[in-house]
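**Q** Sequence:
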Amino acid sequence: MASCLWLACTLIVVIGWIYTLFAAFLVARFARRPKPKLERFENVTLIKPLYGAEAGLDASLASFCRQDYPRELQMLCGVQDPADPAIATVHSLQRQFPSLDLELVVGKRRGRGNPKVDNISNMFPAAKHDLLILSDSDMRVAPDYAQQVSALLQQPEVGLVTCLYRGAPLTGFWSRMAAAAVDQHFLPSVLVGLAFGLAKPCFGSTIGLRRSTLERIGGFEAFADTLADDYAMGDAVRRLGFKVEIAPFTVGHTFSEASFSELLAHELRWARTIRLVDPAGYAGSFVTHPLPFALAALPLSGFNAIAWMILAVTLACRLFIPIQVEKLAGGGKSTLWLSPLRDLLSFAVFVASFVPGAVNWRGRRYSVGSDGTVTPI
1 MASCLWLACT
11 LIVVIGWIYT
21 LFAAFLVARF
31 ARRPKPKLER
41 FENVTLIKPL
51 YGAEAGLDAS
61 LASFCRQDYP
71 RELQMLCGVQ
81 DPADPAIATV
91 HSLQRQFPSL
101 DLELVVGKRR
111 GRGNPKVDNI
121 SNMFPAAKHD
131 LLILSDSDMR
141 VAPDYAQQVS
151 ALLQQPEVGL
161 VTCLYRGAPL
171 TGFWSRMAAA
181 AVDQHFLPSV
191 LVGLAFGLAK
201 PCFGSTIGLR
211 RSTLERIGGF
221 EAFADTLADD
231 YAMGDAVRRL
241 GFKVEIAPFT
251 VGHTFSEASF
261 SELLAHELRW
271 ARTIRLVDPA
281 GYAGSFVTHP
291 LPFALAALPL
301 SGFNAIAWMI
311 LAVTLACRLF
321 IPIQVEKLAG
331 GGKSTLWLSP
341 LRDLLSFAVF
351 VASFVPGAVN
361 WRGRRYSVGS
371 DGTVTPI
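Those letters in the sequence shown? Residues 1 to 377, per the working numbering, in order.
Don't read these hints as lab results, they were simulated from the structure. Quick caveat: nothing in here was measured; it's all calculated off a predicted structure. Take the hints with a grain of salt, since some may be wrong.
Capping the alpha-carbon separation at 30 Å, the derived lysine-lysine pairs in DSSO-like fashion look like this [unchecked claim]:
#: 1; residue 1: Lys128; residue 2: Lys333
#: 2; residue 1: Lys333; residue 2: Lys243
#: 3; residue 1: Lys108; residue 2: Lys128
#: 4; residue 1: Lys327; residue 2: Lys200
#: 5; residue 1: Lys200; residue 2: Lys243
#: 6; residue 1: Lys200; residue 2: Lys35
#: 7; residue 1: Lys243; residue 2: Lys327
#: 8; residue 1: Lys108; residue 2: Lys333
#: 9; residue 1: Lys108; residue 2: Lys327
#: 10; residue 1: Lys35; residue 2: Lys327
#: 11; residue 1: Lys243; residue 2: Lys37
#: 12; residue 1: Lys35; residue 2: Lys243
#: 13; residue 1: Lys35; residue 2: Lys128
#: 14; residue 1: Lys37; residue 2: Lys108
Restraint-style ranges between C-beta atoms, simulated for each label pair [as the list claims (entries may be wrong)]:
#: 15; residue 1: Pro98; residue 2: Leu21; range: 47 to 53 Å
#: 16; residue 1: Pro125; residue 2: Ile323; range: 33 to 39 Å
#: 17; residue 1: Arg66; residue 2: Ser212; range: 26 to 32 Å
#: 18; residue 1: Pro85; residue 2: Lys243; range: 15 to 21 Å
#: 19; residue 1: Gln94; residue 2: Phe196; range: 45 to 51 Å
#: 20; residue 1: Ser334; residue 2: Asp144; range: 20 to 26 Å
#: 21; residue 1: Asp101; residue 2: Glu262; range: 31 to 37 Å
#: 22; residue 1: Ala126; residue 2: Ser334; range: 39 to 45 Å
#: 23; residue 1: Ala199; residue 2: Pro34; range: 18 to 24 Å
#: 24; residue 1: Glu39; residue 2: Lys200; range: 24 to 30 Å
C-beta: ideal position from N, C-alpha, C; glycine also.
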């Protein structure tokens, strides 16, 4: 029995090696993709839904304020509470960038399942321009971000533009662990899924589309009770016959987790969302976690030399991905040294995501239906 289990673990590990090397190759290839050229400049509205004065919010929003864009650029920020501390951050940026059309919308909660989309729906009537770029509050971008997204939207077959992202830890061990999950697991897994035609992603890091396209998919209101609103919007655009384009660059996703419990709550919500969106693909992703199986093979083999060699090769292979990812823009401090510990934690989150339970989001608890709809508890 032990020998059969050892062989099974070894087979999974070898598949994991193949996956890891292929993923590292895809990351390196992605880094070499050329950026698009903008044929003409169009007026743009940046939409930034906010909730609280999260760590690093001022610097994240400031990166959008510093866009190198010669046409009209409106930046629309929104909150749902007149006492939200993010308001002070927006007012500070209005003083810092007086020439920028930076507007704040203070709305009211309407009790919809997805609070972010609820916020965006309140903000949207104030949007002035046809070209819309929505992004989460914890993103940081380069000065040519608006130009690059606009250029992709000028291609007639493209209905929506989205971006891959790198982890940008702000401070502390747990924020680096959170960033490592993005760099070493999430980003490469998306590229592998795209290579095989298995992934159809759309991320809250960037959702760029035209107003006419948004109207055809039902507006933001159509996604007000959906947990994975970004994925659902991308799916709706594809059903119109348009392409969802992955931009040839990465943006930065800031992380400020200060404790293990905070990290776990965030990653479980994320993992359960992915499992609901793509249950078969998510279940099969266990082969992307070779390290736990290499460790399990040690006692099953009686700690023989072959098992130790398999473990050493696994550890070496797993370093190829973060080495390639660190060549991409948008990231923060290196998370390479966290790779073994990050692999074990990611596998634990993977297993825990199959346990039924509510998710925590923005300080509230939600039950998640089998179709991805969320209901406040």
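**Q** Quick one: which hint numbers does this structure break? Sort them smallest to largest.
**A** 1, 2, 8, 9, 14, 16 and 18
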